[in-house]
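Chains as they are written, first to last, in full-length UniProt numbering: chain A, 1 to 411; chain B, 1 to 411.
None of these hints come from the bench; they were simulated from the model. Take these hints with a grain of salt, some might be off.
Copies of one chain are not kept apart here, so a pair can be met inside one copy or by any two copies together.
Using 30 angstroms as the maximum straight-line C-alpha spacing, the simulated BS3-like pairs for lysine-lysine come out as follows [unchecked claim]:
no., residue 1, residue 2
1, K368, K378
2, K283, K378
3, K175, K60
There are 2 protein chains.
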Amino acid sequence: MPAAEKIIRQAGRSTGRHRRQGECMGGKDNIFEVLQAQDGVGLVEKQVFTMPSYTTIGGKTIRDVRIGYETYGTLNARGDNAILIAHYFSGTSHAAGRYATTDTETGYWDAIIGPGKAIDTDRYFVVSADTLANVNAGDRNAVTTGPASIDPDTGKPYGMRFPIVTIRDFVNVQKALVDALGIRKLHAVAGPSMGSMQAIEWAVAFPDMVERVAAVIPAGLEADPYLVATLNIWMAPIMLDPDWNQGDYYGAQAPVKGLAATLKNIMLNGLHPGWANAACGRKPALAADDMLRDFGGRFLIETTLEQVGLMRADMLDANSLLYTAKACQLFSIAHQGTLQDAARGIKGKVLLMPAVSDLLMLPDYARKAAELLRACGKQVDYVELQGVGGHFDGLQAIGQAGSALRHFIDT
Amino acid sequence: MPAAEKIIRQAGRSTGRHRRQGECMGGKDNIFEVLQAQDGVGLVEKQVFTMPSYTTIGGKTIRDVRIGYETYGTLNARGDNAILIAHYFSGTSHAAGRYATTDTETGYWDAIIGPGKAIDTDRYFVVSADTLANVNAGDRNAVTTGPASIDPDTGKPYGMRFPIVTIRDFVNVQKALVDALGIRKLHAVAGPSMGSMQAIEWAVAFPDMVERVAAVIPAGLEADPYLVATLNIWMAPIMLDPDWNQGDYYGAQAPVKGLAATLKNIMLNGLHPGWANAACGRKPALAADDMLRDFGGRFLIETTLEQVGLMRADMLDANSLLYTAKACQLFSIAHQGTLQDAARGIKGKVLLMPAVSDLLMLPDYARKAAELLRACGKQVDYVELQGVGGHFDGLQAIGQAGSALRHFIDT
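Just chain A, with the same shape it has in the complex:
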């Protein structure tokens, strides 16, 4: 089950430097090596964009803002062949290529970004940016300013004193980056999941600049209340962990147990029974597990999610996860007025691409967004990703959408 294996590998890795994997998959690394050996953008480098200060839409000023970004391809003289890629909840700006020839993993959308691929780096200048308060704050390949950063006013990590940041704030910082790079038009903004929120927000915030929006496994035009509640549930185990200590755990024991429980939850929400059946079935974790007599006996699906959760918990920052979840909860293009008001302002065309087996960003969210946008006179393409990989099909199974994406991007 290569697809299933790659999903859990994706869940289990950060930005390519992590090699361990959950128990569900066997030794089929070579299958992926073959996939990954195809020509792509090659070696890439994380770059850093800095702003002396940025004021959030909530009116708080953050000093010394730094975010990481990567670029693939070349900007043309008119500055109008750029495509911006926005990442998902637990992702980084590593969207394509490798940092070193020894990396076994490429960026998450390598299947569609590269020379001759759907997002063709021979034609387009692709920019991929880290968000503020990026979850991977401890990862050397994610550069971000967030609760784990040092507050210049105190010399100590912000913790929960960091200002609330929103999807619009992510976009505003990206706008400064895009301007600094000399980009005058965005041929497209594209992203999966939380990246779709940023892509749509871009079209609302800077309608004259955005010609196309490709929203993959999208939330729609706002975080549905059910999604708001799901994000609340993701946040809960961290805040239950005594080691969280109201966010002041830097230099002490981090809330690894709570964070691991949160990550287990996120993974499950991102997956689907079809995947769980194929990858683990109802097998006990160990042949010796006495499921009828030992309460500690576990099914393989449980230990797999737990192990991947624990692995990732070592690399992520709990407070940053809370801030990113809050940003997603607050997402709505309707800053003032209605969704319709905001939608009417969009000038670019929109592609909505849900995954049919998605249990987190339900295909219904995309359908409703398409309906609303069309009712507002917008041009909308709607394409479904097939598969049983759930939400993660927007990452792992994106290759199937190459021609649909290419058509949307090139026309």
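On the provided structure of chain A, position chain B as indicated by the hints.
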């Protein structure tokens, strides 16, 4: 939105004695009073069935077993007009009627159980039984033997030393009760959710006794690995709470925070975006909530689920919830051999009734079960509950299935 209000009320109450409710719903009590004023089984009484000892399928013996039950209607002389009702995860044997004329709530399936109703108590003798390790261990209207019970060997509560119990164990104890009541044939066994597991298990365990199985919002023939993982995630917050203390919290501070987080999670899994939109939308909990500047600002959907979770946490037993979750994880009709082997042994006909908006027991589980049972030559009816109430439509919206149920039961 009466349906939405009743769902959250159902989530927020125990067995009829609880009056408070979450914030989402307004003062529409009278709507339900009208519904509930229709004639039903009237006043009912909890009775207690005792067994000197019961040996689990895991081989452990539990002494002094007590479970509660209720009956509606009259057993005929041949003892063959009985219908057994098995309850859902957080339910009790209070399936119909009221304990007192002042009760504002009836039993959970009152819409379909009563004189002239789908499960017609003028014709059938209905028995509804509490499970072992019932989650409502602290509720005076649930009678159960489980981790909160006193271990006769030590004089102290079992805690996590209580033996693992399974759906088959629930059924075996019910079999002893049914025998004691003089029942010789079960005209039907019916139940929602975890009750559907018991109903199907009955048909596998005692095929000559069970003429019909009505499995509502069913898991299918086993707990899917995705469901196993979901149950793991339900268990996690309890075990993260330091007050849980490995299950030894009786007489001390109970793990209320962890249990509340668990219950919030269960509620959300049981609901659906359609409900969340109708009941709460994206409204902040308080007009004063400064969502862009105060990290403690909450959406109404969050505070509603949190409040209902906290309310119920006061009444439920955390260890019992863990044991009930474990029982569900272990559910498979394939005790030895395959699902097909077990399915072939079923003699009664089967009704599978998923809810179309169910995000917990996906309609796919029912479809696959129907397919497998039919391939084994079994007679299967398949009827979908319509609505946007999610899993809880199997409780709240069951009234719509009255004629389908009546047809299945009476023919």
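> How do K175 and K60 come out at 30 angstroms by Cα distance, when the copy is not named: within, between, both, or neither?
Replying inline: within (18 angstroms within a copy, 66 angstroms between copies)
>> For K368 and K378, with the copy left unspecified, which applies at a CA distance of at most 30 angstroms: within, between, both, or neither?
In response: within (13 angstroms within a copy, 40 angstroms between copies)
> Between copies, within a copy, both or neither: which fits K283 and K378 at Cα up to 30 angstroms?
Replying inline: between (49 angstroms within a copy, 27 angstroms between copies)
The structure shown violates none of the earlier numbered hints.
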